[in-house]
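Novice: Residue numbers (my numbering), protein chains in the order written: chain A, 1 to 351; chain B, 352 to 951.
Bear in mind the hints are in silico, worked out from the structure with no lab data behind them. Idealized CB from N, CA, C, for every residue including glycine. Do not rely on the hints blindly, as some may be mistaken.
Taking lysine-lysine and the BS3-like style, the derived pairs with C-alpha atoms no more than 30 Å apart in a straight line are [claimed, not checked]:
1) Lys2/A to Lys439/B
2) Lys230/A to Lys193/A
3) Lys439/B to Lys31/A
Listed next, the stretches of chain B that the computed footprint assigns to chain A, with coverage defined by at least 3 CB atoms under 8 Å from CB atoms of chain A [stated by the list, open to error]:
4) 527-535
5) 620-633
6) 923-930
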Amino acid sequence: MKDLFVVAIVVMFFLVVFQIAKASEYVSILKGEEKTRKQNNKINGFLMLVFLVLGLIGAWWCNELYYGKTLFPQGSGSVEGEEIDTMLLVTIAICGVVFFITQILLFWFSYKYQESDKRKPYFFPHNNKLEVIWTTIPAITLTVLIVFGLKFWFKITGDPPKDALMVEITGHQFGWDIRYSGKDGIFGKKNYKLYNKPAGNSLGVDFNDPESHDDIRTTEMHLPVGRPVKLIIHSQDVIHDVGLPHFRMKMDAVPGIPTTLWFTPQYTTAQMKERTGNPNFVYEIACDQMCGKGHFSMRGVIVVETEEEYNAWMAKQKPEYYALFPDKDPSTATPPAADTTQTAIAQVVNP
Amino acid sequence: MSSVVSLHGTTTHHAHDDHHGHHHESFISKYVFSMDHKTISKQFLITGIFWAFVGGLFSVIFRLQLGYPDATFPFLEDLLGHWAKGGKLSPDFYYALVTMHGTILVFFVLTAGLSGTFSNFLIPLQVGARDMASPLLNMLSYWFFFIASIVLLSSLFVQTGPASGGWTVYPPLSALGDASDGSKIGMDLWLISMALFIVSQLLAGLNYITTILNMRTKGMSMTRLPLTIWALFFTAVLGVLSFPVLLSGAVLLLFDRNLGTSFFLSDIVVAGKVLPNEGGSAILFQHLFWFLGHPEVYIIILPAMGMASEIIAVNSRKPIFGYMAMVGSMFAITILAFLVWAHHMFVTGLNPFLGAIFVLLTLLIAVPSAIKVFNWITTIWRGNIRFTPAMICSIGFVSLFISGGLTGIFLGNAALDIHLHDTYFVIAHFHIVMGVSAFFGMFAGIYHWFPKMYGRYMNNTLAYIHIWATLIGAYLIFWPMHYTGFAGMPRRYFDYSGWESFKMFTGLNEFITIVAIIVFAVQMLFIFNFFYSIFKGRKVTDPNPWKATSLEWTTPINPGHGNWPGEIPEVHRWAYDYGKDGKDFIPQTTPVGADESKGH
Chain A
1 MKDLFVVAIV
11 VMFFLVVFQI
21 AKASEYVSIL
31 KGEEKTRKQN
41 NKINGFLMLV
51 FLVLGLIGAW
61 WCNELYYGKT
71 LFPQGSGSVE
81 GEEIDTMLLV
91 TIAICGVVFF
101 ITQILLFWFS
111 YKYQESDKRK
121 PYFFPHNNKL
131 EVIWTTIPAI
141 TLTVLIVFGL
151 KFWFKITGDP
161 PKDALMVEIT
171 GHQFGWDIRY
181 SGKDGIFGKK
191 NYKLYNKPAG
201 NSLGVDFNDP
211 ESHDDIRTTE
221 MHLPVGRPVK
231 LIIHSQDVIH
241 DVGLPHFRMK
251 MDAVPGIPTT
261 LWFTPQYTTA
271 QMKERTGNPN
281 FVYEIACDQM
291 CGKGHFSMRG
301 VIVVETEEEY
311 NAWMAKQKPE
321 YYALFPDKDP
331 STATPPAADT
341 TQTAIAQVVN
351 P
Chain B
352 MSSVVSLHGT
362 TTHHAHDDHH
372 GHHHESFISK
382 YVFSMDHKTI
392 SKQFLITGIF
402 WAFVGGLFSV
412 IFRLQLGYPD
422 ATFPFLEDLL
432 GHWAKGGKLS
442 PDFYYALVTM
452 HGTILVFFVL
462 TAGLSGTFSN
472 FLIPLQVGAR
482 DMASPLLNML
492 SYWFFFIASI
502 VLLSSLFVQT
512 GPASGGWTVY
522 PPLSALGDAS
532 DGSKIGMDLW
542 LISMALFIVS
552 QLLAGLNYIT
562 TILNMRTKGM
572 SMTRLPLTIW
582 ALFFTAVLGV
592 LSFPVLLSGA
602 VLLLFDRNLG
612 TSFFLSDIVV
622 AGKVLPNEGG
632 SAILFQHLFW
642 FLGHPEVYII
652 ILPAMGMASE
662 IIAVNSRKPI
672 FGYMAMVGSM
682 FAITILAFLV
692 WAHHMFVTGL
702 NPFLGAIFVL
712 LTLLIAVPSA
722 IKVFNWITTI
732 WRGNIRFTPA
742 MICSIGFVSL
752 FISGGLTGIF
762 LGNAALDIHL
772 HDTYFVIAHF
782 HIVMGVSAFF
792 GMFAGIYHWF
802 PKMYGRYMNN
812 TLAYIHIWAT
822 LIGAYLIFWP
832 MHYTGFAGMP
842 RRYFDYSGWE
852 SFKMFTGLNE
862 FITIVAIIVF
872 AVQMLFIFNF
882 FYSIFKGRKV
892 TDPNPWKATS
902 LEWTTPINPG
912 HGNWPGEIPE
922 VHRWAYDYGK
932 DGKDFIPQTT
942 PVGADESKGH
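Only chain A is shown next, with the shape it has when bound in the complex:
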């Protein structure tokens, strides 16, 4: 009944609009088409000005409403991201100037030069001087943007500092696995053919490689503040993307082709809670490449903490090797409870 009512109102609305449109045609025939055309011209010329003014107010108002919700006010979570923020703001400023000048000219001219019997249009087919001016100015501006952009680009995509912490992150439908290299600082070898989820080896780690024995596997990424971190990114099935909006970083996870990115976290999660005034603040890993029906729930969490907190957390982690082969674990005699947390994220989305 309610649906019918809505449909009836919509139909009525269209009928009214249509009748007005029809009527306007009859009126124009009565009044003379030329006169109606001129009247329409005046109305639309005025609307050009109205659109310009309301548009400028709207742009300002939108900024009032939403600037606070962007990531600018809270600052970049990473040192490198600050440069990206600066670069963004500079680009916004330059493009903003061009935007306002061109839009104002466009709609102002439209309003000002609307048809009038008094005006003769100015025959002005070309002017090479003007063309040269507005080829050169954009070219110079863009050169500046390119130079600074590439400077940051090469820095960000270049090698991380030598002391960078290495963390491996692997995407799969639909979740993230995190691996640390343990005390030896070297990741044990992996081979996707060794994948055996029922046996607990969902990453395909080669446990015959002794370097894998101290590797630690977690679902949450913990990072010490102030220390550069390099992520080594894998995917097991389709293309995913490690999106880190707070750190201004992003890199695809491609099956068969490992990728990397690095950054230096500069605020702990606790500090960010204060900066944002949001007690629930958390650094999130968002999958930014369409990866299937659970794409929107492919969420990971990064906890940035002080060096001491990080070390304490790390000390509590048990190497995956010992979890899977408890008999090899020198520290315990009794096998621990089965650790199934790794798959918890995957179960978030279940058809």
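Starting from the structure of chain A, add chain B where the hints point.
Specialist: Just chain B now, with coordinates in the frame of chain A:
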């Protein structure tokens, strides 16, 4: 060359006379399997309008989910059955809708519907030819498009659903049925449909190029062509050179899906199974895809640029400013269009040095784009503007092109793209610059040339309401998305409520959905106006209603097959003699007078 052209003109002219004298066309040969470029153009247009309705409706349905993630809409279950159990879209079908929306709008509406319609309609009329170089290939191009449409439409009705990996269909997601239901039979249909579509585009493009180069009437040198023709020429060149690359990508993907090859697959474990594929590269597909995918956005926007240039000049009663600069900038855009594709791939692990080259080339495109904008604005300056519906659309086009073009400077700069890639900033950018603005070019073209197409006018009042509401609505929808993009909100999410970083935009998402529904409803005014006016519109009494100089207005109000009843007129000047020597306009067919100032 000119003698060849006039020879051709004369011979067809005789054929045309015979045609009228002895033969009545049947309904089928006149309206269905027609070889008249004007009829084929209308076929493209009406099919395009159908697809635009479908594609737009899909966006409204998935916007409902984004705007009201917790609500249920029982009518959706009536409409979509098990795709929306209990009135709530399933994520699978949400992604299928998103994918279909993109595919339909980019290829079926803004490529076939836009350049298909206006290349067919305007090229012979504005260069002064009786028809296309090959009317038969022209007809085939429409029917290949038609079959492609049927195949794509049929994929909506298969049990596992249509393709759902995004319109860019990146493998491995699109290659593996185990990775997604949409990558089962629906994906094969998508690829087959696309292959047929590409055949259609190639047939059409070769025809357009040949016609423009070889069939111009006497006196119509290349530099006397209206800018529409230049734009459609470059569009066709882009299509012919880049679509085959997508075809190869589509064929290889079909092989990977069905024949066990490994072009794009390597090291994959999916649904608990280790796949035997080794040695392929998922990134290779992206290169093949974007080698077409980027020129594709110019294939979409160039016809809109050309038509807007023409319409702005006609209605400002002034010559287009900087004709040669306009042609030159379109030429530059065409060349650069082939050299920027990898800017879609800055975060795929691309070699940073290669990335830097693509930054340079991408931002270079902003220069010719800027030239065009300044030239349009200068054309309006000191004009005597008539706000026909087409003119308002063209001004809207320029405004949208500025807004969307400037955000391209952000995304083309790799360092910024790292942050903005695949966020709503991208959605805002390309919807404004190649979605809505190309639509405004298309609307402008329809409003402007409707009298030539059907011998009737569209209703002005409905047109004004439609245009202003669409322009305002488009900005209301897409402007705030720049802010969600700055907040890092990823695109293609079914639901944001589980995310601490993005859930504060719930209210905004609802607002955008409401505006999107209104804007979609307003398009019904256009569709109604279009079809109503074909049959009941006010009749055109003046063969040149807009007082334009170009050749199409020298034909009779309802031109028959062959366009001009007598000789094809000879051209003596360029197409932009508006306001010269105090005259309102001088048609291209008027010989240059002895006392005329040099002007152009």
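Novice: Taking 30 Å as the top limit, are the C-alpha atoms of Lys439/B and Lys31/A close enough?
Specialist: Not satisfied, since the Cα-Cα distance of roughly 53 Å exceeds 30 Å.
Novice: Quick check: do three or more residues in the stretch 527-535 of chain B have a beta carbon closer than 8 Å to a beta carbon of chain A?
Specialist: holds (count 4)
Novice: Mind checking the alpha carbons of Lys230/A and Lys193/A for me, to see if they're no more than 30 Å apart?
Specialist: OK: Lys230/A and Lys193/A at ~26 Å, within 30 Å.
Novice: Are there three or more residues in the stretch 923-930 of chain B whose C-beta lies within less than 8 Å of some C-beta in chain A?
Specialist: The restraint on the stretch 923-930 of chain B holds, since 3 of its residues have a Cβ under 8 Å from chain A and three suffice.
Novice: Going straight from one Cα to the other, do Lys2/A and Lys439/B come out at no more than 30 Å?
Specialist: holds (19 Å)
Novice: Can the stretch 620-633 of chain B be counted as covered by chain A under the rule of three residues or more with Cβ-Cβ separation shorter than 8 Å?
Specialist: holds (count 7)
Checked against the numbered hints given earlier, this structure breaks only hint 3.
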